[in-house]
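Student: Given next are the chains, with one letter for each unit.
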Amino acid sequence: QQQVKQSPQSLIVQKGGIPIINCAYENTAFDYFPWYQQFPGKGPALLIAIRPDVSEKKEGRFTISFNKSAKQFSLHIMDSQPGDSATYFCAASKGAGSYQLTFGKGTKLSVIP
Amino acid sequence: KAGVTQTPRYLIKTRGQQVTLSCSPISGHRSVSWYQQTPGQGLQFLFEYFSETQRNKGNFPGRFSGRQFSNSRSEMNVSTLELGDSALYLCASSLGYNADTQYFGPGTRLTVL
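Going down the list, the sequences are from chains A and B.
Taking the numbering used here, the leading residue of the first sequence gets 22, the next gets one more, and so forth.
Taking the numbering used here, the leading residue of the second sequence gets 379, the next gets one more, and so forth.
Please keep in mind that the hints were generated in silico from the structure rather than gathered at the bench.
No experiment lies behind these values; they were computed from the predicted model shown.
For glycine and all other residues, C-beta sits at the position ideal for the given N, C-alpha and C.
Check each hint, because a few of them may be wrong.
What the hints assert, rightly or not - Derived Cβ-Cβ restraints for the label pairs, each shown as a range:
{"no.": "1", "chain 1": "B", "residue 1": "Thr385", "chain 2": "A", "residue 2": "Leu67", "range": "21 to 31 Å"}
{"no.": "2", "chain 1": "A", "residue 1": "Asn48", "chain 2": "B", "residue 2": "Gly462", "range": "20 to 30 Å"}
{"no.": "3", "chain 1": "B", "residue 1": "Thr479", "chain 2": "A", "residue 2": "Met99", "range": "19 to 29 Å"}
{"no.": "4", "chain 1": "A", "residue 1": "Lys89", "chain 2": "B", "residue 2": "Thr431", "range": "28 to 38 Å"}
{"no.": "5", "chain 1": "B", "residue 1": "Leu389", "chain 2": "A", "residue 2": "Pro103", "range": "42 to 52 Å"}
{"no.": "6", "chain 1": "A", "residue 1": "Pro134", "chain 2": "B", "residue 2": "Lys391", "range": "36 to 46 Å"}
{"no.": "7", "chain 1": "B", "residue 1": "Gly440", "chain 2": "A", "residue 2": "Ile33", "range": "12 to 22 Å"}
{"no.": "8", "chain 1": "B", "residue 1": "Glu460", "chain 2": "A", "residue 2": "Ser90", "range": "39 to 49 Å"}
{"no.": "9", "chain 1": "A", "residue 1": "Gly62", "chain 2": "B", "residue 2": "Gly394", "range": "40 to 50 Å"}
{"no.": "10", "chain 1": "B", "residue 1": "Ser448", "chain 2": "A", "residue 2": "Ala91", "range": "21 to 31 Å"}
{"no.": "11", "chain 1": "B", "residue 1": "Ser429", "chain 2": "A", "residue 2": "Asp52", "range": "33 to 43 Å"}
{"no.": "12", "chain 1": "B", "residue 1": "Thr489", "chain 2": "A", "residue 2": "Glu47", "range": "32 to 42 Å"}
{"no.": "13", "chain 1": "A", "residue 1": "Ala91", "chain 2": "B", "residue 2": "Gln432", "range": "29 to 39 Å"}
Sequences are here, hints too, so could you generate the full structure?
Tutor: See the structure below:
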């Protein structure tokens with residue numbers, strides 16, 4: 022049972038475009054939703070995270086939008102650059118102090134010059 | 379601060395053998411989690427340790443085990459290796475006191491022949 026569904030699997034955008042990656046979850050006990058970026062040969066690195074009590078959070082060029090009623094959240098990358106080409110994972114965990122992250126399957130983003 | 383370190387980075391074993399992987403968390407972090415990453419299943423939670431105690435365990439067979447030492451360093455062991463155990467094994471550390479952010483190491487690439 023896949024508890025966090027992520028789409029699309031892959032995405033190609035031109036430099037300056039705004040790629041959008043979507044995730045949907047099933048478990049209403051989830052209350053922490055991070056996004057990770059992973060480059061080949063590296064471990065995932067935390068980009069940005071959100072809790073259900075806010076609908077949007079921005080950090081630099083990265084924005085998370087959160088829709089609690091629809092159980093969906095998405096990542097937007099403003100003014101995308103070739104250096105943003107990586108695999109992006111959404112994740113969710115439940116309860117304060119729970120470190121068991123449930124990950125989406127990942128989205129491979131390619132930003133072409 | 380130094381990041382999460384994992385050793386070895388690469389490992390080749392044959393079916394039936396056992397393997398031990400090591401993880402040193404960020405200084406001051408007391409929680410260590412382990413994840414398995416494969417192309418087919420993505421990132422899956424194995425287990426999490428805090429102050430030498432296992433707090434959570436994922437849905438993996440008993441061949442997968444772990445432990446944490448008093449200095450927060452952690453090891454995971456896989457016995458009777460199977461071909462399907464070939465994966466990138468990632469360790470993540472966190473402060474452990476209701477602090478959600480997990481920092482991942484570069485992983486150990488295990489190949490089972």
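Student: Run every hint past the structure and note whether it holds.
Tutor: Status of each hint after checking the structure:
no., hint, in the structure
1, Thr385(B) - Leu67(A): 21 to 31 Å, "holds (23 Å)"
2, Asn48(A) - Gly462(B): 20 to 30 Å, "holds (26 Å)"
3, Thr479(B) - Met99(A): 19 to 29 Å, "holds (23 Å)"
4, Lys89(A) - Thr431(B): 28 to 38 Å, "holds (33 Å)"
5, Leu389(B) - Pro103(A): 42 to 52 Å, "violated (33 Å)"
6, Pro134(A) - Lys391(B): 36 to 46 Å, "holds (42 Å)"
7, Gly440(B) - Ile33(A): 12 to 22 Å, "violated (43 Å)"
8, Glu460(B) - Ser90(A): 39 to 49 Å, "holds (43 Å)"
9, Gly62(A) - Gly394(B): 40 to 50 Å, "violated (28 Å)"
10, Ser448(B) - Ala91(A): 21 to 31 Å, "violated (45 Å)"
11, Ser429(B) - Asp52(A): 33 to 43 Å, "violated (23 Å)"
12, Thr489(B) - Glu47(A): 32 to 42 Å, "holds (34 Å)"
13, Ala91(A) - Gln432(B): 29 to 39 Å, "holds (35 Å)"
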